[in-house]
Amino acid sequence: MQLSRGARIFLRVGTGLTLAFIYLPLILIVLYAFNERRIQTWPIPGFTLEWFEKAIDNPGARDALWMSLKAATGATLLALLLGTLAAMAVARYRFFGRETISFLVILPIALPGIVTGMALNATFREVLEPVGISLGLFTVIVGHATFCIVVVYNNVVARLRRTGGSLEEASADLGAHTWQTFAFVTFPALRGALLAGALLAFALSFDEVIVTTFTAGPDQTLPIWILSNLSRPNQLPIVNVVAVFVILLSIIPVLIAQRLTGDTEGGVVPGAGGR
Amino acid sequence: MSDALASRPRLRLSLLLAGPVGWLVVAYLGSLAVLFVAAFWQLDPFTAEVVKDTSFDNFRTIAEGEVYKDIVLRTVGIAAAVTVTDVILAFPIAFYMAKVASPRLRSLLVVAVLMPLWSSYLVKVYAWRTILSEEGILNWALGPLGLSGPEYGTTAMWLVFSYLWLPFMVIPIYAGLERIPTSLLDASGDLGAGAGHTFRRVILPLSLPAVVAGSIFTFSLTLGDYITPSIVGAGKQFIGNVVYANVGVANNLPLAAAFATVPVVVMILYLLIARRLGAFEAM
Amino acid sequence: MKQHRFMAAVLALTAALALGAVGCGDDDDEESGGGSTQESTAQVQPPDDLKPLASLGKGEGEVNLIAWAGYVEDGSTDPKVDWVSGFEKETGCKVNVKTGNTSDEMVTLMRTGNYDGVSASGDATLRLIAGGDVAPVNTDLIENYADVFDSLKDKPHNSVDGQMFGVPHGRGANLLMWNKAKVKPDPDSWSVVWDENSPYKGKVTAYDSPIYIADAALYLKATQPDLGIENVYELDDKQFKAAVDLLKKQREIVGEYWSDYTKEQAAFNNGDTVVGTTWQVIANLIEADKKVKIGTTLPKEGSTGWSDTWMIASKAKNPNCMYMWMNHIISPQANAEVAEWFGEAPANRKSCALTAVKDHCKTFHAEDEAYFDQVAFWTTPTKNCGDDRGAVCKDYSEWVQAWTEVKG
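In the order they appear, the protein sequences are chains A, B and C. Count the first sequence with the working numbering and you get residues 1 to 275, in order. Count the second sequence with the working numbering and you get residues 1 to 283, in order. Count the third sequence with the working numbering and you get residues 1 to 408, in order.
Just so you know, the hints here were simulated from the structure itself, not pulled from any lab data. Note that CB positions come from ideal geometry on N, CA and C, so glycine has one too. Mixed in with the good hints, there may be bad ones.
[Unchecked claim] Label pairs and their calculated CB-CB ranges:
| hint | chain 1 | residue 1 | chain 2 | residue 2 | range |
| --- | --- | --- | --- | --- | --- |
| 1 | A | GLU169 | B | GLY19 | 22 to 28 Å |
| 2 | C | VAL292 | A | ARG191 | 27 to 33 Å |
| 3 | B | ARG276 | A | PHE95 | 20 to 26 Å |
| 4 | A | GLU36 | B | GLY146 | 37 to 43 Å |
| 5 | B | ALA63 | A | PRO43 | 45 to 51 Å |
| 6 | A | LEU81 | C | GLY75 | 42 to 48 Å |
| 7 | B | GLU66 | C | ALA356 | 30 to 36 Å |
| 8 | B | PRO205 | A | GLU36 | 50 to 56 Å |
| 9 | B | THR54 | A | PHE103 | 28 to 34 Å |
| 10 | C | GLY75 | A | PRO43 | 26 to 32 Å |
All chains should be modelled from the sequences, with the hints used to inform the complete structure.
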């Protein structure tokens, strides 16, 4: 598009500044992971790989990382399921209360985490504990899925609205069963939206701490482990190491997703793509 | 069974909705309702048991206490400031990504903006605590210029929150700007409008739903947070801190629930306005 | 219109569910027995149906503890500081510990029922006993109990009618700490943190808990004797107001409040704080960091402090391991190590001979009862003043609300 030179320079500088703002603290985190001292001061006195060794040996960190991966996967799958169901209902059918579903679905993420956390904690203790299910991985997954539904829902609804239901009707007219229509017509069209939703849901669940504090049992997810270790004198550098490790690990799924959806409409970003 | 489903759209609809609506309405809304009913009860201070005598005492305490008003104003004020700041920071990069960057660069920038979401919130806030400390990097950089960075407190919280939620604002605005046909912007230029004019008259109104959609995240995430204030807030409390202090620490669930109604009411109003402005379609 | 009806239906449904849940709701409040009214004595009455463990069985394989930071060290803070690994090997009870930063947090955590025991200070013990969250302790099952200082046994904060509700861990005082390079001369009075015109404005710190109101009362006890403050935890209206006003004035000079001890450590190391209240263990950690030089003292007005008790949860899932832990932590060697690491007086009189620093017990006045008379141990404020003023004092919930006002 046509832009004046001034506008172009302004945009380049703005982009650069924003990126610098975003990445400077992250660069610091990486630097502090190599910090010689256990206290985080400036300037950094020296560098060492000591904390990397300690982090690898640390069973608490490994267990917490594993627990977080399990919880995030479970929450993402559950959110994919519930979000897609709700989105299909809203995009393809007319019924009263349709508008309200969008509102309902966004509530868990819009209301303060502590409110969601307290409410879910009360429910789990009153309802599930008498039945024998105590706070643990299951309740964490359910808690996370509750606020992750909205990111899947929004993506899928936007996608369904754009494709329209005519393809599905045609498929049914040609004799396909409900499941066949879903598997061969609807699902392929939704792939991009589902992937975008899944990525965002996974990220939300993986890094969530407030609701998790209220819904987790004795086992720690990674954010809970980090929170408890930030208040132990020697652990801050190890926490930085773990954070660096997670950042590096996360490049993979984000790159893959961008690669996979780059040429199809939609991309990783919900609702974008196409002119 | 597939045939049964094919001929009964209502049944299909019910099956689709049963799961999500069932969970959200029954479990989530239900537990919220129970929580807020607790706001009408009292805490026996010594045994720390909840006594079910219904009254408005907790609400009265909050309405009359000067400190609670200050805390609400501070929380809402900073949430608004953070939202505005993030919109300002997000627009240039979002526009660059949507309209100016080549497809390869665009992919890279999307990845670059999304990456920080994967680094731990807590580690980022602690990094900021170190940056803003008396002998931290900010003061070290500004010192030679005769300036000094903000101390812990309100400014620090605004800075850190703006940092944390920026990706949540960039992505919706990017998506919204992408939807604006470039031809529209070129036409505006052809008709004689400068960049600023085009921005105010064409871009901003068309991307408003996206901006509001992004603001839902920045506003609500700031409104409910209590961890960042406890790390860089220097004792200045947010609504979340008081709620947490009463439920998580002093175990005064009734007072905590009463105070928690404030951000809930604020957010519901915000969501209703946002829906009116079309934000729900732009998310 | 149809939307409104749907919304109305949703609201009606949730309201119905809420009322239903409420109706079926908690039976918890029936357990607390006669705990609420304290007309005659300042003591509490625990529920009747709690019995101490009759005999010690085999270890269950793990024990879940809530403890003050520094009380349960397994070598991860400092490889030489470890009294947990040996216990785990000997008894087979794996120790899982959750750090509580304040007594309030510990009470709340205990009430979740997920833990077997807690190292409770006096401002938590009474609440736990009254709430039925902890069980009486059969001290015959704990070998090392016999060697505990008599002055720590059967105290109002850890026993009811002669029945112990825990084993004493140790006791100590909160100290004043300052950055030697920035604060001169070395202070000997708390006035340095209460002075409105302090030269250290913005760099003062204080403990982030409502119980800190007692520290204000302590200062007023020395500087405004006409307020008549005797017991800093039993404050009537006038005294309480004076203490809260003093705290609000202090707010102007406070930079940060701390409850998480590494936060204070970082604040001193980074120059964000130069003077304030502390625990000895934090001072020791800062010394070990070798970045700033600090000094500590017990100021002339006296101080608040703690006398901690290990208590066992009434619904403990691992009671045998908990009893083994209680026995271990008050054993002479372990108690000596934790007392030295944390910087407090041990509970076991045999520990004094085993400390690495020979006169640790002397420095911490382990056998000096007159000294501890000067220390106002944390305890839960109750309505009943315990003297001839009657029941006009401020109870803890009012302290909590006042603390919210102080912090602002």
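Each hint, compared with the structure:
1. Separated by about 24 Å at the C-beta atoms, GLU169/A and GLY19/B satisfy the suggested range of 22 to 28 Å.
2. A C-beta distance of roughly 57 Å is found between VAL292/C and ARG191/A, which places it outside the suggested range of 27 to 33 Å.
3. Distance hint for ARG276/B and PHE95/A: a CB-CB separation of about 22 Å, consistent with the stated range 20 to 26 Å.
4. For the hinted restraint 37 to 43 Å between GLU36/A and GLY146/B, the CB-CB distance of approximately 31 Å leaves it violated.
5. Look at ALA63/B against PRO43/A: about 50 Å separates their beta carbons, and that is inside 45 to 51 Å.
6. In this structure the hint that LEU81/A and GLY75/C lie 42 to 48 Å apart at CB holds, the actual value being about 45 Å.
7. The supplied range of 30 to 36 Å is broken by GLU66/B and ALA356/C, whose beta-carbon atoms lie about 52 Å from each other.
8. For PRO205/B paired with GLU36/A, a C-beta distance near 54 Å keeps the hint of 50 to 56 Å intact.
9. Between THR54/B and PHE103/A the beta carbon distance is about 29 Å. The supplied range of 28 to 34 Å therefore holds.
10. Under the hint 26 to 32 Å, the C-beta atoms of GLY75/C and PRO43/A, about 30 Å apart, fit the expected range.
Figure legend: structure checked against the earlier numbered hints; hints not met, in rising order: 2, 4, 7.
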